[in-house]
Structure formats: structure tokens, C-alpha cells
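*Asks:* Let the sequences and hints guide you as you build the complete structure.
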Amino acid sequence: MICAGIDGGSRAIKIVLLDADTQQILASGACDQGIDHNALAAQLFDDLLQRLDLPRQAVAHIVATGYTRNGIRFADTTVTEITCHAVGVRRLMPHAMTIIEVGGQDSKLLRLDTNGFVRDFAMNDRCAAGTGRFLEVLATRLNTSLSALGDLAARSAHPASISSTCVVFAESEIIGLLASGTPCEDIVAGVQLAIAQRVAAMAGRELIDPIIFTGGVALVPGMRQAMEQAIAHPVTLPPHPQLTGALGAAILAAREVKVGS
Amino acid sequence: MNQPPAQITLHQWRQRYHDLCAAGLRQPPYGGPLQRHVADGDYRLLKLRFDNSPAALRLWNLLLTEESRLFAARDQGKNIIGTMKDLGTVPVMAYSLPNTIAFYPDGAWWVPCIMVKSTRDLSIADTHGIDESFCPVRAMLGAFITGQHFPPPDLLICSVGATCDDFSAIAQRLSSLGWPILWWEIPARRRPDPDEPAIHLPGLFHAPLSQVAFVKAELMRIRDALASVCGHPLDDAMLSEGIKAANRARRMLRQLRRLVFTAPRCPLPALELLIAEMLAIHYCSDREETLAVYQDLLHEVSRRISSNQGLFSPDAARIFWVNPVADLRAMNLLEDCGGRLCGTEFLFCHAIDEIPENVPPMDALAMMALADPMVGSASDRAERICHDASQLGAEAVLISRIPGASHCALEGGLFREMIQKRLGLPVLELEVPPLCDALEPALRTRIQALVESVSQRRAR
Numbered sequence: 001m002i003c004a005g006i007d008g009g010s011r012a013i014k015i016v017l018l019d020a021d022t023q024q025i026l027a028s029g030a031c032d033q034g035i036d037h038n039a040l041a042a043q044l045f046d047d048l049l050q051r052l053d054l055p056r057q058a059v060a061h062i063v064a065t066g067y068t069r070n071g072i073r074f075a076d077t078t079v080t081e082i083t084c085h086a087v088g089v090r091r092l093m094p095h096a097m098t099i100i101e102v103g104g105q106d107s108k109l110l111r112l113d114t115n116g117f118v119r120d121f122a123m124n125d126r127c128a129a130g131t132g133r134f135l136e137v138l139a140t141r142l143n144t145s146l147s148a149l150g151d152l153a154a155r156s157a158h159p160a161s162i163s164s165t166c167v168v169f170a171e172s173e174i175i176g177l178l179a180s181g182t183p184c185e186d187i188v189a190g191v192q193l194a195i196a197q198r199v200a201a202m203a204g205r206e207l208i209d210p211i212i213f214t215g216g217v218a219l220v221p222g223m224r225q226a227m228e229q230a231i232a233h234p235v236t237l238p239p240h241p242q243l244t245g246a247l248g249a250a251i252l253a254a255r256e257v258k259v260g261s
Numbered sequence: 001m002n003q004p005p006a007q008i009t010l011h012q013w014r015q016r017y018h019d020l021c022a023a024g025l026r027q028p029p030y031g032g033p034l035q036r037h038v039a040d041g042d043y044r045l046l047k048l049r050f051d052n053s054p055a056a057l058r059l060w061n062l063l064l065t066e067e068s069r070l071f072a073a074r075d076q077g078k079n080i081i082g083t084m085k086d087l088g089t090v091p092v093m094a095y096s097l098p099n100t101i102a103f104y105p106d107g108a109w110w111v112p113c114i115m116v117k118s119t120r121d122l123s124i125a126d127t128h129g130i131d132e133s134f135c136p137v138r139a140m141l142g143a144f145i146t147g148q149h150f151p152p153p154d155l156l157i158c159s160v161g162a163t164c165d166d167f168s169a170i171a172q173r174l175s176s177l178g179w180p181i182l183w184w185e186i187p188a189r190r191r192p193d194p195d196e197p198a199i200h201l202p203g204l205f206h207a208p209l210s211q212v213a214f215v216k217a218e219l220m221r222i223r224d225a226l227a228s229v230c231g232h233p234l235d236d237a238m239l240s241e242g243i244k245a246a247n248r249a250r251r252m253l254r255q256l257r258r259l260v261f262t263a264p265r266c267p268l269p270a271l272e273l274l275i276a277e278m279l280a281i282h283y284c285s286d287r288e289e290t291l292a293v294y295q296d297l298l299h300e301v302s303r304r305i306s307s308n309q310g311l312f313s314p315d316a317a318r319i320f321w322v323n324p325v326a327d328l329r330a331m332n333l334l335e336d337c338g339g340r341l342c343g344t345e346f347l348f349c350h351a352i353d354e355i356p357e358n359v360p361p362m363d364a365l366a367m368m369a370l371a372d373p374m375v376g377s378a379s380d381r382a383e384r385i386c387h388d389a390s391q392l393g394a395e396a397v398l399i400s401r402i403p404g405a406s407h408c409a410l411e412g413g414l415f416r417e418m419i420q421k422r423l424g425l426p427v428l429e430l431e432v433p434p435l436c437d438a439l440e441p442a443l444r445t446r447i448q449a450l451v452e453s454v455s456q457r458r459a460r
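Chains as they are written, first to last, in our numbering: chain A, 1 to 261; chain B, 1 to 460.
Treat the hints loosely; a few may be bogus.
To be clear about the criterion: a stretch of chain B counts as covered by chain A if any three or more of its residues have a C-beta under 8 Å from a C-beta of chain A, and this derived list gives those stretches [said to hold, decoys possible]:
no.	region
1	31-38
2	413-420
3	448-459
Cβ-to-Cβ under 8 Å is the rule here; a few derived chain A residues that face chain B [what the hints assert, rightly or not]:
no.	residue
4	V79
5	T83
6	V118
7	M123
8	C127
9	C166
10	F169
Hints in this document: simulated from the structure, not taken from any laboratory. Glycine included, each C-beta is placed from N, C-alpha and C at the ideal position.
*Replies:* Shown next as C-alpha cells:
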């Protein structure tokens, strides 16, 4: 029996197809988010099924999660990304106690109990300074790509000091730094640290190891180190950090089928 | 006339009202169809879902006719007392006098929320230097200046000291604009020293006797001022009667809360319970009608419970809610997401506790004033929240915040820490702006995640 998890994020759609019996991931994929959430998710879903040479009817149950979850009409049910990330991360990293998820337009901190259930969470979706949006603004300003930012940051010896409180004002700071001749790599490293510091402020004092860093921003080279510096704790990346929400949704879909039967 | 309990839109209330009238609905003078309030500018009602009972209709009508009631009181020559920064003590004194009503000018903070910012109250406050960095109660300044929401009171009374700084600044600006204010001081409630004579206050608090004596002296000044303005002495016997009447309302509200919080199926939505609780502060300028509204609500809730009727799923997550919200839609959202109220601490829980009747009335009122959660420490408040949440079987706690209106910027963290340590419950802090439409998906995600946490814990 196959179950699917669809994570309709604000910047990307991620899908995992899971064999509910063996709990193996059969296929996964991601695409950019757009205006028609449902059509984009359906297109990616069909592409994955085609890869496996399966019809839609082969999927027993679909759980949608993420910012656009309610717009994915072919899903059977919805679950919040808070719960899905917790379930997905715990599957990949069974000892995880804290999850930091930084996506394109929001960031989250999840504290888990020893059973892996969400004990507490905090979210920032009001301020771009703690999200991947900051990196996008930076890439645009530096006329480079997101994927190139990591390499730039790796070359920095003296990260620039950037305000971590507001992306709009920080962009002005970046212009000022460029004008004053600050190397691009120091600016990139400074922005990465600023994002991490914003997340650290949301996290507060109570951080319990192991801390897992997920979400699309975790894929950006240099972000893990920036996060470790900001929260003063070691941070681990799971395999495929962008997919943990979709994986959690697929696992929950399988559980729902099991409970239903 | 009785239909199964449900939440219905304003549009659906139009038909429901028609059916109720056809079935012989008896209404008070302020009764009428709910949608007429939209014509008066209360546009937010269009976005809400309401309980479908006649009792709820009466509750809403009492709330939404307060402005006209105040202007009518002025025409009738009643004494009108504005009791600012006071959640339930000075109104008890004012209502003890004949031909006198009290109202709560601070309540104007709600006007731009209900009227969807269609009033000029906030922009007027802006022009007087009270901008959006202040608490939304700054709308009160605009309300005084326009005179559209209430008539000029005969006496304005305001507490200072251990009250919020924002409000003190706004009230001082009001004073500087020519509104005379009788100020009285409420000290920060402190824990008694080991050898210091102390007294237990309602609401699990205690305080030094010297603080009660100080507050009593302050309230004596208010008593004299009330008597002078109203042209009638205010003696202990009158105050005792006033306290008894207040306690009647408080007992009814406590009974209503107990029924709503403990019924297996929720018999009244969160929105209506919030409004009912708010009446306890100042009776919406009509104490007798508040009693009648409570009576109707109690009757309806009891009827629903006895006939095993209720709203929402019997499995709804039991949520204890801390602090009031500016946008009433948030209360609907809780139930949309699979939750129900099982307890509340809307910052004025002392207005629900009974006033002691076994001590002299001025002492009793001083004790109540000191039991205000806002004049004590955040940890005192956290203690009470933990106590009540535990007693009421809460499965999670939701702490809401109004932007710019925190009485203690760090209190949410402190509540969270104590609740998790003592009760081990999931806690959600939620910032709800005055109009949350654009943020609704984000708020929904948070509340839904809290409800999912409860489900997971149950499964475990």
C-alpha cells in the first residue's frame, strides 16, 4: 500500500511517496511554489507516480501539510507542518529533541518530548529576517544565485555585522557595506549569521540536544555552521532536510490508513 | 423556538431572528435583529459566527447597544461615572448609588476592532502623540474627543501605580486635554514579609494588611467624590447592598463558567463566553440587564446539558485560554481547529471572584482591588493559571497577546515555563492583532498544531 505526503510550502512543494508496509520511501520530489497550489502539487504528484509507473488509484491515502495544505484539494486530509516535521525528523533521527526548521518564508522551533511528540513550538512568520527570504534578497542584491551563496560564505574570514531585526533595513545595510568595499563573502556570512541569530532569539534559553536543522535553508552551505554559532549548540542535518515535512505527512497518512482499517 | 445548538453567521441570524419572532420571542427594549448593528458600523460582525440561541441574541444586543444606553442615561439625568483602569471595583461602588451607572472608557479599545477601523478614534489619538506604539486602548482618547461613543461622564476616575504604563500615559494626555480625572493609587501587590501582618485575598493571593489599609484609604477618597458628584451619601449599608448585587452577578457567571467548562459536550461557544465574562467588569452600563442576560444564558446552557446537546465534537481538545483577544474571530478559530474552552483567565478574573461579605464593605473592596491580576506579579498570575488549568482538566494552554498591549513583555515565557513544569501541558503563545484576516492561516496553523499535540498525547 502506498501513501503520500505533500508539503505545500510557501516557496516549494515537496512530495514523498511511501510504502506503508515497508516504510520505505518509493519516490520524492520538489518543485517551486506558484499561484495555483493545487495544480502544481498535482503535476509533481503525477510526475512521481509516472516515474513509478503507477496510477493515482495506487495511492491509498494522501496527507497535505504546509502553508498551502488547505488548497491541495486531492489530499484526503491535512495536518500542520509542526506535527509533520516532528514525525518526519523523528523517523530519520530517532533521538531528536529539538527541531529548527527554516523555510522560505517562515522559521519554526519544535521541542519534542522523549516519545517524539511535540511538547512546545514557536514560529516566526511575521518577519523575514529569520527566514530564507533574507537569503533571496541578498542573492538578488549581489546579483548571484542562492546556490552560490554557500561558496561565497565559506571564503569569509570576517563576517560582516548585519542587523538581524529587519530585512528591509538590512538591505540598506548591505548596500552600505558594498559601498564601503566590504567583500561579498563577508556580507553573505554576516547575513547567514543574522538569520541564525534571529532563530536563536526565537528559540530562547531552553534547547535540548540533539538539535536537528531542517527546511530548505538548511541546504544552503554555511547555514549549519552559522546556526551552531548562534545557538551555541551542535546542530545536525538529517538526510534530505527539505523533505522532512512531506515525509512526516506520508508517515501520518500510513498511520491513518492503518487506524482506519 | 429551540433549535439544536449551532454557530451561525450574521446572515443566518436574519432568518433565525424572523423565526424566533414568529414563535413569540420576548425581547428587552434593546432587542432586535443582530444585523442592525452592522448598519451602525459594527462591520466585524459580518466575519463572526454566533451561537444561535435567544440567550446569545440578548447577550450580543446588550453588548452592542451600550453606546445608545449611555446617551439615553445622560438624557434621563442619570449620573454617569467613567471608571478607568479598573476592572471591577469602583463600578461596584458607583452602582451602589441611586440613579447612577458606571462605564468603562477603556472599553473603547474595542471600537476600532468591532468597527473595522472605520472610526477616526485611532487617527485622532495619533494626532495627539499617542501613536501605534501604544496599546490599542489609545482609541479611548479619540472616543473622548469625538464624543461619539459615550457622553462626557460626570466623574472620571482612574487608578495609577501598578497599572500599565501605556494606559497611564494615555490617561495623562486625556487629562492635559481638559478632562478632569480623579486619580487613585493602587500599589503593586507584594508578598508579605515573614513577620508582617497579612491577609488572604480572593483568588489565591495574599497581601500585607498595610497595603489593604492603603488601598482602603484611596477608595475612601473615591467614595467621598462619588457621593459629592451624585449628591447622595454613600454609606456602608448601601455599599453592602451593592456588593451583594455584584456578587449575584459574579455567582451567576461563575456557575455559567463551571457548566460550560465541565460539560462533556461544550454548551456555549468561546466567543459568547468571552463576551459574558466581559460584562462582569462594568455590566455594560446596566447591572440589572446583565443579571437577566446571565439568567438566560444559564437557562440555555443548563437546558442543552440536560438534553445532552452541545456544540463541537465531544473529542474537542480542552484548551485553557489566557488573555482576551482584540479580534473576536480568534475565538471562532479555536473551535474551527478542533478545540473548545475549558477555562479562561482573561486578565480580570478578580471581577469573577466573589467580594467578601463578612468584612466591612470598604475593606472588602480594597481586598478585591488588590486581587486584580494586573497589580500583582506575573508569577502570581502564573500560579493562578496553573491552579485553574489543573482544576478544570485542561489539555493545553493558549496564551494570546495583543500587539503593543503586553502588561509584562516576559509574562508569556514565565507562564509557559511554570505550566510546563507544573502541569506538563503544551503551551502556545499567539499574537492576535486587532484585525487578523491576513494572518488567519498562520493563526490557524498554530492553533491546529496545538490541538494535534493534544491528540498525540491522548493517543499516547
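*Asks:* Work down the list of hints and note, for each, if the structure agrees.
*Replies:* Quick rundown of the hints versus the structure:
| no. | hint | result |
| --- | --- | --- |
| 1 | 31-38 | violated (count 0) |
| 2 | 413-420 | holds (count 3) |
| 3 | 448-459 | holds (count 6) |
| 4 | V79 | holds, 7 Å |
| 5 | T83 | holds, 5 Å |
| 6 | V118 | holds, 5 Å |
| 7 | M123 | holds, 6 Å |
| 8 | C127 | violated, 12 Å |
| 9 | C166 | violated, 16 Å |
| 10 | F169 | violated, 17 Å |
In this structure, the earlier hints numbered 1, 8, 9 and 10 are contradicted, and the remaining ones agree with it.
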